[in-house]
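Let the hints inform the model, and build the full structure from the sequences given.
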Amino acid sequence: MTNGELFELIKNTLKAADIEDYLFDSKCIFEDIMHMSGTELMLHKNDIADKAAADKTLKLAKRRSEGYPLQYLLGEWEFYGLKFKVGEGVLIPRPDTEVLVDEVIGFFGSENNSSPEIVDLCSGSGCIAVSLKKNIPDAKGTAVEISSDAMPYLVKNIRLNDTDVKIIKGDVMDGRLLENFRDEESEGDFRQVDCIVSNPPYLTAEEMSDLQTEVTFEPASALDGGHDGLKFYRVISCLWKEILKDNGLLAFEIGYEQGEAVKELMLNTGYYDVKIIKDLGGNDRVVLGRKKATQ
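Numbers 0 to 294, taken from numbering that gives the first Met the number 0, label the letters of the sequence shown in order.
Hints in this document: simulated from the structure, not taken from any laboratory. Hints should not be assumed to be uniformly reliable.
Ranges of calculated distance between the beta carbons of each label pair, as one might list FRET restraints [as the list claims (entries may be wrong)]: (1) K165 - K277: 24 to 34 angstroms; (2) E77 - I275: 19 to 29 angstroms; (3) E7 - H226: 39 to 49 angstroms.
No more than 30 angstroms apart at the CA atoms, straight line, and that leaves these computed lysine-lysine pairs for DSS-like [claimed, not checked]: (4) K139 - K291; (5) K139 - K82; (6) K262 - K277; (7) K244 - K230; (8) K133 - K244; (9) K168 - K155; (10) K155 - K58.
For each residue, glycine too, the CB sits at the ideal point set by N, CA and C.
Structure (structure tokens):
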């Protein structure tokens with residue numbers, strides 16, 4: 000089998016399986032295993048393909064045709080111009096989440112604060128915490144994650160991108176986790192941070208029961224936001240406010256129908272200047288606001 004024939008076989012396999020971006024996915028799989036760009040393929044399309052590599056490529060194509068996520072097949076994905084290791088047990092970084100990173104970077108640029116302390120809750124792969132640290136180099140970053148399956152990816156991605164981000168393993172819904180932020184120099188009061196950012200699980204029970212095939216391979220714990228999808232927003236807005244500075248920033252990624260609900264929730268729990276930010280598709284994607292000064 001030639002390289003050209005192999006690529007056509009991959010492409011036709013994914014097309015027959017109704018993979019929406021079959022051409023893009025075919026190119027990604029081919030390039031990853033065959034180590035050959037599109038230009039190189041054109042130059043060597045009549046060369047005989049290495050059998051071992053071809054067999055592996057076809058196995059990945061078959062797995063993709065069954066709905067298995069491309070990102071897991073490749074084991075790595077790009078987010079905010081950086082590479083992140085991914086696999087079963089960790090949520091796949093998505094372009095929409097870059098809007099959240101943009102907003103946090105922009106906020107501290109406008110505040111002229113080049114060294115904020117930022118806590119990323121439900122960190123998963125670490126794509127948010129790492130991207131913020133890379134783009135605000137003097138920031139102090141902490142990533143909080145409960146999943147033992149996601150933890151190895153979080154550790155790898157912090158190292159892969161050469162970032163100094165502290166990791167706390169625990170449940171963001173458990174108030175005892177705040178003990179990690181005690182300030183020994185001020186008689187045990189909580190240390191106050193500049194920003195809390197989170198892309199928490201936010202799918203509703205109805206949405207969880209009707210997931211696309213690809214999404215069913217991702218960890219349910221990173222998707223399930225309770226009956227109405229707002230469980231984590233309620234707890235984080237109230238509980239984690241304890242360690243947020245007066246006028247500090249709380250920034251969430253949200254589901255596209257949750258903007259007004261999360262905005263109202265934040266206004267009712269002690270935040271001001273609450274804004275809804277849309278993604279490039281025109282959908283509500285981020286809600287952020289500042290903590291009211293303590294009376």
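Verification of the hints:
| no. | hint | verdict |
| --- | --- | --- |
| 1 | K165 - K277: 24 to 34 angstroms | 32 angstroms, holds |
| 2 | E77 - I275: 19 to 29 angstroms | 27 angstroms, holds |
| 3 | E7 - H226: 39 to 49 angstroms | 48 angstroms, holds |
| 4 | K139 - K291 | 23 angstroms, holds |
| 5 | K139 - K82 | 21 angstroms, holds |
| 6 | K262 - K277 | 13 angstroms, holds |
| 7 | K244 - K230 | 23 angstroms, holds |
| 8 | K133 - K244 | 23 angstroms, holds |
| 9 | K168 - K155 | 15 angstroms, holds |
| 10 | K155 - K58 | 26 angstroms, holds |
No hint from the list above goes unmet by this structure.
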